[in-house]
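**Q** Place chains B, C and D on chain A using the hints.
4 protein chains.
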Amino acid sequence: MTRLFKNDYSELADERIIEAIKKHLNEQHKAYGLDEHSENAKGYIRKTFDVPNADIHFLAGGTQTNMVTISYFLKPYEAVIACDTGHINVHETGAVEASGHKIITCKNKDGKIKPEDIEHQMKLHTDEHVVKPKMVYISNSTESGTIYTKKELEDIRRICDTYSLYLFIDGARLGSALTSKACDYTKEFFGNIADIFYIGGTKNGLLIGEALVIKNKELSECFRYHIKNRGAMLAKGFLIGIEFEEAFKDGLYFELAKQSNETSEYIKEELKKANIVFDSDSPTNQQFIILPNEKADKVIKEFGCELWEKREKEKVIRIVTSFSTKKEDCDEIINFIKEL
Amino acid sequence: MTRLFKNDYSELADERIIEAIKKHLNEQHKAYGLDEHSENAKGYIRKTFDVPNADIHFLAGGTQTNMVTISYFLKPYEAVIACDTGHINVHETGAVEASGHKIITCKNKDGKIKPEDIEHQMKLHTDEHVVKPKMVYISNSTESGTIYTKKELEDIRRICDTYSLYLFIDGARLGSALTSKACDYTKEFFGNIADIFYIGGTKNGLLIGEALVIKNKELSECFRYHIKNRGAMLAKGFLIGIEFEEAFKDGLYFELAKQSNETSEYIKEELKKANIVFDSDSPTNQQFIILPNEKADKVIKEFGCELWEKREKEKVIRIVTSFSTKKEDCDEIINFIKEL
Amino acid sequence: MTRLFKNDYSELADERIIEAIKKHLNEQHKAYGLDEHSENAKGYIRKTFDVPNADIHFLAGGTQTNMVTISYFLKPYEAVIACDTGHINVHETGAVEASGHKIITCKNKDGKIKPEDIEHQMKLHTDEHVVKPKMVYISNSTESGTIYTKKELEDIRRICDTYSLYLFIDGARLGSALTSKACDYTKEFFGNIADIFYIGGTKNGLLIGEALVIKNKELSECFRYHIKNRGAMLAKGFLIGIEFEEAFKDGLYFELAKQSNETSEYIKEELKKANIVFDSDSPTNQQFIILPNEKADKVIKEFGCELWEKREKEKVIRIVTSFSTKKEDCDEIINFIKEL
Amino acid sequence: MTRLFKNDYSELADERIIEAIKKHLNEQHKAYGLDEHSENAKGYIRKTFDVPNADIHFLAGGTQTNMVTISYFLKPYEAVIACDTGHINVHETGAVEASGHKIITCKNKDGKIKPEDIEHQMKLHTDEHVVKPKMVYISNSTESGTIYTKKELEDIRRICDTYSLYLFIDGARLGSALTSKACDYTKEFFGNIADIFYIGGTKNGLLIGEALVIKNKELSECFRYHIKNRGAMLAKGFLIGIEFEEAFKDGLYFELAKQSNETSEYIKEELKKANIVFDSDSPTNQQFIILPNEKADKVIKEFGCELWEKREKEKVIRIVTSFSTKKEDCDEIINFIKEL
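Protein chains in written order, with the numbering used here: chain A, 2 to 341; chain B, 2 to 341; chain C, 2 to 341; chain D, 2 to 341.
In case anyone wonders, no lab produced these hints; they're calculated from the structure.
Be a bit skeptical, because a hint or two may be false.
Because identical chains share one entry, a pair is satisfied inside a single copy or across any pair of copies.
[Unchecked claim] In the DSS-like style, the derived pairs of lysine-lysine whose C-alpha atoms are separated by at most 30 Å in a straight line are:
1) LYS110 x LYS124
2) LYS110 x LYS133
3) LYS327 x LYS24
4) LYS314 x LYS133
5) LYS188 x LYS152
6) LYS311 x LYS108
7) LYS133 x LYS218
8) LYS314 x LYS124
9) LYS152 x LYS108
10) LYS314 x LYS110
11) LYS314 x LYS31
12) LYS259 x LYS31
13) LYS250 x LYS24
14) LYS299 x LYS328
15) LYS124 x LYS311
16) LYS76 x LYS135
17) LYS311 x LYS133
18) LYS124 x LYS108
19) LYS302 x LYS24
20) LYS124 x LYS302
21) LYS152 x LYS115
22) LYS152 x LYS273
23) LYS31 x LYS311
24) LYS7 x LYS108
25) LYS23 x LYS7
26) LYS135 x LYS108
27) LYS328 x LYS31
28) LYS124 x LYS299
29) LYS296 x LYS31
If you're wondering where the values come from, they're calculated on a predicted model, not measured in any experiment.
In isolation and in its complexed conformation, chain A is listed as follows (with noise of 0.2 Å):
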């Protein structure tokens, strides 16, 4: 069967994540993810990042982390500036606003937020007849593929402090962010630059669950009440403890989002040679190409990639690799998309 180019949560996990959990398949562990395997990761991850003192909980999936860790730090009358495109405001079933908060939008610059843009925000929500903005999101890398510069991170770090705001970044593709060629900070810079930030596990090669990073324990005493609040506790917590473990403890995570953003690079340059144009400069395991409309069906059909605007005679489409995709599964749909 063809490979397809859907998206990066379409298959199970990678083998070496499956084979620690069968290590470990006999043991008893603490529910809850109070258990060892839980510790173990957080301190990897809190070595990685350089956040000793950061607070870490293990969550299921992506909508579910950012509507529990939003309606944690607000409170009732207060909201959360995003871009238009951002995750929370359009795929996200209105999992936010269910959970009593408004999303302030502001319009996106290759699937990012400017920081004029906030602070343009935070001098209309001034009095208590609107909404009391209290936390910027952004997502790193993109819904456009794109990743956030160190000047980009660093100017919104300024406003957020300037306003008080938390800054919260969606890491649901942290890994293809941060082992990205365009990425030019580290691991420690990018640890510290947000108050919460989460590392995604399901879009890079884990069988479930996202790593939720809060810079500060003071913020988030009572963390654990809100995740069950949330019906987000899983009892068998370990699982993902187990998973993050292995990931991070000699960085499994980050070579399985190279392998997803090398492919990604690949199919991009094959593609630019056979002059096909993009619609951003995607430097993550997700390309945005733009094809007339029949040969965009084509390439739909035949590799399950996302329709992701229709234009008048063109249509934009998606192709996203993953830690599985292999050189010969690019090689057909750049020949593919060169033939048709």
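**A** Relative to the frame of chain A, chains B, C and D by itself:
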């Protein structure tokens, strides 16, 4: 290390479950629960419980399943009736209330709700100054390890019909209930008594996951929207699909439950012979014994048993067996208690 | 003291309203809106708007009415479509989101939503990964003082019918809309175009209160439960009943609205003669004029006008008349602006 | 027509309240509760209750005040402790739960909560698998017409301090409590015992409105945002401001309460002489008498009394007096009962 009897979710999963997962490691699946394995699993479940028209959804955990279900079926001013010991009332950190709904409680008898108490509540709740009860929640087996009899279920069903109440059965330990020697009904009977029930995987040897069965598709047209809205939709839904496919294709689910029941029964019989007093007469995988404080503490220390109730000079402690408990593990705790 | 033009809710009420209240001072009434005066008021409203089958409820304020209504009609995963300037989107401190629902916004044109934008949103929202739009919210008159034409309302109604959307009209300033010279439809037409609308009392000379009209009783069977559930049921509901009885028994409501429109029209005409530029062409009781910063500030200071928009060298300010504005009050502000 | 004894909110308001409103009919006021009359009223209240640092807000009704307050002070996973008969638990259609919070109930004694029961609940709620109690809710006078003694209030305060719980007192009938002959504390004592309390206007001769008193301004920095967020901010806040200004400027509030207490006391004494049995010993404006079914029904029919409890052959019915009850009204019901 000593085998603990703390709960039935201390281990990852039965080996067959992990092997099933491994078998599908290199496949690409449709995301969000729309894959073939999930479809197969649903087919097996529909057949097992004789619910050909049922709508089935896989969710990650018990509290999540309760919250997502209750908040889907109730309107904002509607409430759920449960007994005081009901899991939703005492062990879910207010998840149901956080979703906006009052739990009306009735005093339990052996962990069960009585039909006359439901009726009494219906007579108390008749105008718009009080909530409108619209659902009855029970668990089977109960928090006390007991199970409902056929007659009890029929009586509750009748009351529910009289007052247009949904009947929702929490089956976190449904396997244990249905394979209990005390169970006087078939799976087919059980499958058709409630409007909604769930089949617990987490507490019965699966890695993760519960299967929610909604008897009648008409009731749940937009349930997938609601799952996503609550942050409960897994991208890799096929993970749980594969598990339930394996568990239901040829009866593994009930084999695992039987194992936990039989070892529990063995402990019960042996301790009875030794004149240990039980707090309830449980025919399932949880036993509640009463010991003088000091002795209780020793058992808790050695076997991790949960302290269930403090009395003046005694403690009630819970002994839980699981799919993986072996006869020799039982002998250890039996002998330890005998020799106290 | 100078008469302010800040808003239309700076004064208690028209004298006739207070006299009606006084008249019933020594009566005992049924509580919670079940009294005779409320019944009479409902009868008058049903007749005025030709909605014989309507269910009518009295609530205390506009934001409350919007929130209670929207959260009654939408399920948790459903959303309301509104234009970006809609009151629920910008001036209610996230009350709709706090009740759990996303507001999908469309760019306004003169404060109005366009049917094609509703349709566009329907085409974007088609699966369970995004909210399900189920209601269109508009206000008449709008936040910009404009009113919908008969054709515009019919076009929106048609889209709503096509996509099974409720149409909800916020009539905080409905009196002003329906008595405007620009209004090309009857009250009877208006009463039957929406599924739900409310008649604003607070901004039209009543002490307190809005009348929510639900065209079809079948839609609102448990609405009283929901009102109480949201903390919005007044023990002394008869207070609002008496007010609306007085306001609708012989047209006082529309008399008061006409007074505000006529004085607004007078200001508009006079200022136009003086070459003052208007930001919109409002046929109701709100006028938006553009003045150089310094002049704007003087008007704001003297007459309490709201600053509507800051531009580089100019400001848009709002002049609002009310049921109690007199021609001589208008002359004051007209002359003041002329002489700036 | 016969004077009813159904409740204390059947009439619009005391004449002085209406006259105060009339007096300010032609003034223009600042909206949203920021007017001078509200300021004056707050000053009088601060002085009356000796709470110079208190933050005070005016809201429309009791259920609304309870819901807005509780949802402001509690985080999502936090709960409020109340006695089973508490108004929030039984007569508010789940408004508190709809705002996301569990009510933990204790069995009442004469409508009151016992300090030891609060402590017991604190010992049951100690980890993240159950809600975190953070507030104690009591009402004074209670639903049974009783009032807390000084010692009882001090004991509850002590427990609240020990466990860092807010103490919130529902004063829907606070006037009646504080002017009761049985009250053994001053207004100044009362004002300083709770963290938050409200002064009921609706049930004490005001047209509408309750005054919420938050003892310490630091606690409520963003309370106005929350009021608006819950749909509870009145544009014409000055209406309630004027009422409370009038009610507190020279003691009218307590005069009205005294009138209801004295007439209640008169009924109590006369009926006791006639050997009528009382269900509780109420020193406030609600009396609960026990009558054989048939006689009870006659009183209910004639005087609109609420049926409080059905027993086998008897009924408990409630007789409520109000600010406007006169001695001759009392004689009517007294004689009627005597002659049954």
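**Q** Taking the hints in turn, state whether each one holds.
**A** Here is what the structure says about each hint:
1. For the identical chains of this complex, LYS110 and LYS124 are neighbours both inside a copy (20 Å) and across copies (24 Å), given an alpha-carbon limit of 30 Å.
2. In the homo-oligomer, the alpha carbons of LYS110 and LYS133 lie at most 30 Å apart both inside one protomer (24 Å) and across protomers (27 Å), since each shortest distance falls under that limit.
3. In the homo-oligomer, the alpha carbons of LYS327 and LYS24 lie at most 30 Å apart both inside one protomer (27 Å) and across protomers (20 Å), since each shortest distance falls under that limit.
4. For a Cα distance limit of 30 Å, the shortest separation of LYS314 from LYS133 across copies, 28 Å, qualifies, whereas the shortest one inside one copy, 42 Å, does not.
5. Proximity of LYS188 to LYS152 under the C-alpha cut-off of 30 Å is restricted to the intra-copy arrangement: shortest distance 15 Å within a copy versus 59 Å between copies.
6. With identical chains, the CA atoms of LYS311 and LYS108 are at most 30 Å apart both within one copy (19 Å) and between copies (20 Å).
7. Taking CA atoms no more than 30 Å apart as the test, LYS133 paired with LYS218 passes in both settings, with 24 Å inside one copy and 19 Å between copies.
8. Taking the shortest Cα distances, LYS314 and LYS124 sit within 30 Å of each other only across copies (18 Å), while inside one copy they are farther apart (41 Å).
9. For the identical chains of this complex, LYS152 and LYS108 are intra-copy neighbours only, at 20 Å inside a copy versus 32 Å across copies, given an alpha-carbon limit of 30 Å.
10. Within a single copy, LYS314 and LYS110 get their C-alpha atoms as close as 24 Å, and across copies as close as 28 Å, so both meet the 30 Å cut-off.
11. With identical chains, the CA atoms of LYS314 and LYS31 are at most 30 Å apart between copies only, with a shortest distance of 29 Å across copies and 57 Å within one.
12. Taking the closest pair of Cα atoms, LYS259 and LYS31 come within 30 Å of each other only across two copies (24 Å); inside a single copy the shortest separation is 33 Å, beyond that limit.
13. For the identical chains of this complex, LYS250 and LYS24 are neighbours both inside a copy (15 Å) and across copies (26 Å), given an alpha-carbon limit of 30 Å.
14. In this assembly of identical chains, LYS299 and LYS328 lie within 30 Å of each other by CA distance solely inside one copy; the values are 21 Å within and 60 Å between copies.
15. In the homo-oligomer, the alpha carbons of LYS124 and LYS311 lie at most 30 Å apart only across protomers (11 Å), although the nearest pairing inside one protomer, at 35 Å, exceeds that limit.
16. Proximity of LYS76 to LYS135 under the C-alpha cut-off of 30 Å is found in both arrangements, the shortest distances being 9 Å within a copy and 16 Å between copies.
17. Taking CA atoms no more than 30 Å apart as the test, LYS311 paired with LYS133 passes between copies only; the shortest distance there is 20 Å, against 36 Å inside one copy.
18. Proximity of LYS124 and LYS108 under a CA criterion of 30 Å is satisfied in both settings, with 16 Å inside one chain copy and 20 Å between copies.
19. For a Cα distance limit of 30 Å, the shortest separation of LYS302 from LYS24 across copies, 27 Å, qualifies, whereas the shortest one inside one copy, 40 Å, does not.
20. When the C-alpha separation of LYS124 and LYS302 is checked against a cutoff of 30 Å, the pair qualifies only between copies, where the shortest distance is 21 Å, while the shortest distance within a copy is 47 Å.
21. With identical chains, the CA atoms of LYS152 and LYS115 are at most 30 Å apart within one copy only, with a shortest distance of 12 Å there and 40 Å across copies.
22. Taking identical chains as interchangeable, the C-alpha atoms of LYS152 and LYS273 lie at most 30 Å apart only when both belong to the same chain, with a minimum of 28 Å there against 51 Å between chains.
23. Only between protomers do LYS31 and LYS311 lie at most 30 Å apart by alpha-carbon distance; the minimum there is 23 Å, versus 50 Å within a single protomer.
24. For a Cα distance limit of 30 Å, the shortest separation of LYS7 from LYS108 inside one copy, 26 Å, qualifies, whereas the shortest one across copies, 32 Å, does not.
25. In this homomeric assembly, LYS23 and LYS7 come within 30 Å of each other (Cα to Cα) both inside a single copy, at 29 Å, and across copies, at 22 Å.
26. Proximity of LYS135 to LYS108 under the C-alpha cut-off of 30 Å is found in both arrangements, the shortest distances being 18 Å within a copy and 25 Å between copies.
27. In this homomeric assembly, LYS328 and LYS31 come within 30 Å of each other (Cα to Cα) only across copies, at 22 Å, whereas the closest approach inside a single copy is 42 Å.
28. Only between protomers do LYS124 and LYS299 lie at most 30 Å apart by alpha-carbon distance; the minimum there is 22 Å, versus 48 Å within a single protomer.
29. Proximity of LYS296 and LYS31 under a CA criterion of 30 Å is satisfied inter-copy only: 23 Å between copies versus 54 Å inside one chain copy.
Hint compliance for this structure: every hint is met.
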